[in-house]
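Below, each chain spelled out in residue letters.
There are 2 protein chains.
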Amino acid sequence: MYKAPVEDIAFTLNHVAGLKGAIAEGRLGDLSDDLVDAILLEAGRFASDEMAPLGPVGDKEGARLVDGKVIVPTGWDKLYQDWAAGGWNSLTSDPDFGGQGLPHMLNVAALEMWNGGSMGFTLGPTLTMGAVDALVAHGSDALKAQYLPKMVSGEWMATMNLTEPHAGSDLGVMKSRAERRDDGTYRIFGQKIYITWGEHDVTENIIHLVLARLPDAPAGTRGISLFLVPKFLLNADGSLGARNDLHCHSLEHKLGIHGSPTCTMIYGDGKFGDEPGAIGYLIGEENKGLACMFTMMNNARLAVGMQGVAICEAATQKAVQYAKDRTQGKAPGWSGSGMSPIIEHPDVARMLVTMKALTQGSRAICYSCAHATDLSHHGDADEARHWAERAALLTPIAKSFATDAGVDVASLGIQVHGGMGFIEETGAARLWRDSRIAPIYEGTNGIQAADLVTRKLPLSNGDHVRGFIGELKEIAEQVRASNLEAFGETAARLSSSLADLEETTEWLLARLAAGDSASALAGATPYQRLFGLALTGVYLAKGALAEEDHGRDQRLSLCRFTAENLIAETAALKDRVINGAASLQAARAVLA
Amino acid sequence: MYKAPVEDIAFTLNHVAGLKGAIAEGRLGDLSDDLVDAILLEAGRFASDEMAPLGPVGDKEGARLVDGKVIVPTGWDKLYQDWAAGGWNSLTSDPDFGGQGLPHMLNVAALEMWNGGSMGFTLGPTLTMGAVDALVAHGSDALKAQYLPKMVSGEWMATMNLTEPHAGSDLGVMKSRAERRDDGTYRIFGQKIYITWGEHDVTENIIHLVLARLPDAPAGTRGISLFLVPKFLLNADGSLGARNDLHCHSLEHKLGIHGSPTCTMIYGDGKFGDEPGAIGYLIGEENKGLACMFTMMNNARLAVGMQGVAICEAATQKAVQYAKDRTQGKAPGWSGSGMSPIIEHPDVARMLVTMKALTQGSRAICYSCAHATDLSHHGDADEARHWAERAALLTPIAKSFATDAGVDVASLGIQVHGGMGFIEETGAARLWRDSRIAPIYEGTNGIQAADLVTRKLPLSNGDHVRGFIGELKEIAEQVRASNLEAFGETAARLSSSLADLEETTEWLLARLAAGDSASALAGATPYQRLFGLALTGVYLAKGALAEEDHGRDQRLSLCRFTAENLIAETAALKDRVINGAASLQAARAVLA
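Sequence lines, in order, name chains A and B. Under my numbering, the first sequence is numbered contiguously, ending at residue 592. Under my numbering, the second sequence is numbered contiguously, ending at residue 592.
Quick caveat, the hints were computed from the structure, so don't treat them as lab data. A few of these clues could be false.
No copy labels: a pair is met if it fits in one copy or bridges any two.
[To be verified] Each computed EDC-like pair below joins lysine to aspartate or glutamate, with the alpha-carbon atoms no more than 20 angstroms apart:
no.	residue 1	residue 2
1	Lys330	Glu164
2	Lys150	Asp94
3	Lys324	Asp170
4	Lys330	Asp549
This structure is a prediction, so every number in the text was calculated from the model and none was measured.
If we strip away everything but chain A, and leave its shape as in the complex, we get (with noise of 0.2 angstroms):
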């Protein structure tokens, strides 16, 4: 059974992504070392105890429609309510409607530990929180007032409506259509498709934002609005008022998450109300709807992110345990009596240890992502632009690189299991299949890529990735000159890859000054993989270096493993980038 990793996450959180210093410099209010502990150890608690229990069973039922209801899996709904009791929507959320204004990092390393427990569970929360941040960033007052304190406090739940069955990467073709009624509110007329959420009787209402398109609006992304259209419509009092005219009208079946409904929603058909058409709200302004959206898409990426953190933790806990309870066959060197613990065999433990080396990177390539998203909240307007540059170019990585390494690492926890693996009693199975949608979903990894390359390397001109390459060889340079012979051949791995990625950075900033983007994006995913690779590297190595006692052994060999043995890869990457787009171009015909 998953048991939150507290004590690694603190030490990621504090020695690796910079929350310590943050701390210690007064960069994030009054927030204590203390506190922080206390909000981790209870996460943690929650996450193994309340929700680890319910996620086979989630799995295991799924959700079902019946007659109309979606019904999700059985002890979702208490689990539900006991972790809105317990304040766990509202970390981050604005005081001023009843959050708790806690840094990014703090609820970022929560939903790592509840997706841990559960990630078709967690992923409701997840989608309420980046309603949360839209309607914060773009509402109207009233719509503020009216809503978001219940938002915020998770006593309502909310999505997100973009996909539609033609538009899914591509928003601009969006069919759903919005028409402005003389009291300033919105008729809605369309279907969605993959709405996380959609439906259920889990909160007695569901704040639906939607992307709809004016019948006047320009033709593709430049003409689309966002609009608050809730399941139930409220009374002037505020109190629940007549059903809107919208509803699930299926479940999708899914290779994972099972427990997690995602619907088909259909708005305005007529099925309720008075007149077909779902009423709506516009937030922020017409034709403004996908900035609103972008204003929340870097976190609801990095969110995704920490479902790769956690199903990678997940996977190598239940690998780990695996190996040491099952003996079989007798390792080299092995002198205890009767089989050996499979851990003992070469083979395993390099799985094993692959998995710890991937899951430690992904985490600390996330939680660094926060932090520099928290510190692009103080500051003056340049340390303000510094650390947003660095979110806006860490968030493709962090979401890529982690989900990749939940798919990876979860397909290695199978594969130590051996025919147990693929019994679906068994869970690992389970990892599996809920791991494969995180690469896919709010953007796919690809177009993290292409996001990377041609939005995020040109920032300030190129400048801010070359600062932070020059920031990861300055810990390659500690590593150095540490001299610690644990380190073993760490530092000129660290160097090696660090020139991979500068040399690769280069390449690509030059090819887009040229114009040809298309050469750029032919490389844009081993490059991504690169820059996560060198990154994984580089922050083990800075954990290492931390002075802390506790476990510092295992951070400097695990460190080194991982120099010297799955970095090196940033070499072929280099190659299939700078070297590989004109074969992939020739070899176009082979798909005729």
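Put chain B on the given structure of chain A with help from the hints.
For chain B alone, kept in the frame of chain A given last:
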């Protein structure tokens, strides 16, 4: 829907794996090119038209255990009868027992196509073929006469009973026991798990091959005997007699291949018959059961490799089709109206071409392995030994590389589908789920790697693998000498990867010679991958060198893509083998 790639298969068999040359040299009896073509065409038709439509049915319905009877998915019973009536069960079997005595290569090609149609279905016949091989090699004349004709024709299916809950990879600790009876028969007692197609009514009898231990047997793997244990005993005239004392206790709830019944079998608990004990007949000698198993293990492992190739092909076909149909966004350089087909996006094209390359590479390795097996049955003793060693060397690489590729390619297939890939109705997810068992059964890929390094590299004191690498280098030289511009940097890339392979091979042989198997085993999996990647590059080049007009441009460009994008990873893998062991040893502490 899957369409058997008959042309690609024929090309690879003939021009990469060497079938055409072997026929021309008269090494394969009176087999003709026309007969090969006719067999491939008809096997392909059956796979595409008859099997492929029933694959998804098997996944959805699964096999079910109802009142002790196993119900197979709708249509599978008739599918089996039609398949067996087509003579497909007996392609390679001994003509003395009704077989067609055709080369193994043809059976392997057909297996690819049937697995492409439905892996869960094809698994049943695959086990029958293995049992036929074991019985032909080791059974008494009386047993052969009684059982082989109907097993060869497919009138009866057969199973292999090896695994027990505590005895998976390590069969030495098996507990199932056999007692001698005065009439020369044995009584079998015990529980076996993961028995593929262990019970059903598709054929009127099922022939179980069961490993068990005699009371006075030596401990470990030298004390295991193999028995033939029929579901129904035979009367003197060969007609079906009494029900034997064995039954299916339960079916596993698996991640994939749902249509294939995976049974827990109970032998000898007294459910059937006068006294407890399933009646069994010894195959081969007492305590030599594992040797009998090894006879068929190479073929069985290659058959699993074919599952990997089949999944690669099916996933690639599905993804290419989707990427042509689905439109989204505008790719760089897209001049059409509206959105581009997603196949135009460089990142999607990269995924699809990578899928093609891994499919062709896996296919070429597997067919080359089958070719070696075929030639090991011809020529003089030295020649036969040479090819037997080649088959032995290639088997672990074929099994592991193709099955890992199956998982990776199926995962890329999901990614190409975006959100649709996570919806089960699309079918991409099913292929991924099915694929995941292949790296596990018939010896996990980690065990294949250990076999490759510790048993196969030392063949002929290392001279066999050295000679093989020499042959591969000659192909790289031919690429260089061809001066074909379309090869791009292929020659240099092949040389570089082959140098990595050579250096790593010598390092491993030296470690083994020094008695340091722990270090050799620590690098076994990366070495196995290195070997597979280098072979992929070389075999694609070999195909591209063949002066067949049809499709040569495509073969050249796919080869170049593979050489310039995929095989540079060998450098990192070499590093992991040679330099990774020490850091792995140090990092074991993190698993404490």
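Quick rundown of the hints versus the structure:
1. Proximity of lysine 330 to glutamate 164 under the C-alpha cut-off of 20 angstroms is restricted to the inter-copy arrangement: shortest distance 18 angstroms between copies versus 55 angstroms within a copy.
2. In this homomeric assembly, lysine 150 and aspartate 94 come within 20 angstroms of each other (Cα to Cα) only inside a single copy, at 13 angstroms, whereas the closest approach across copies is 76 angstroms.
3. Proximity of lysine 324 to aspartate 170 under the C-alpha cut-off of 20 angstroms is restricted to the inter-copy arrangement: shortest distance 16 angstroms between copies versus 47 angstroms within a copy.
4. Proximity of lysine 330 and aspartate 549 under a CA criterion of 20 angstroms is satisfied in neither setting, with 35 angstroms inside one chain copy and 54 angstroms between copies.
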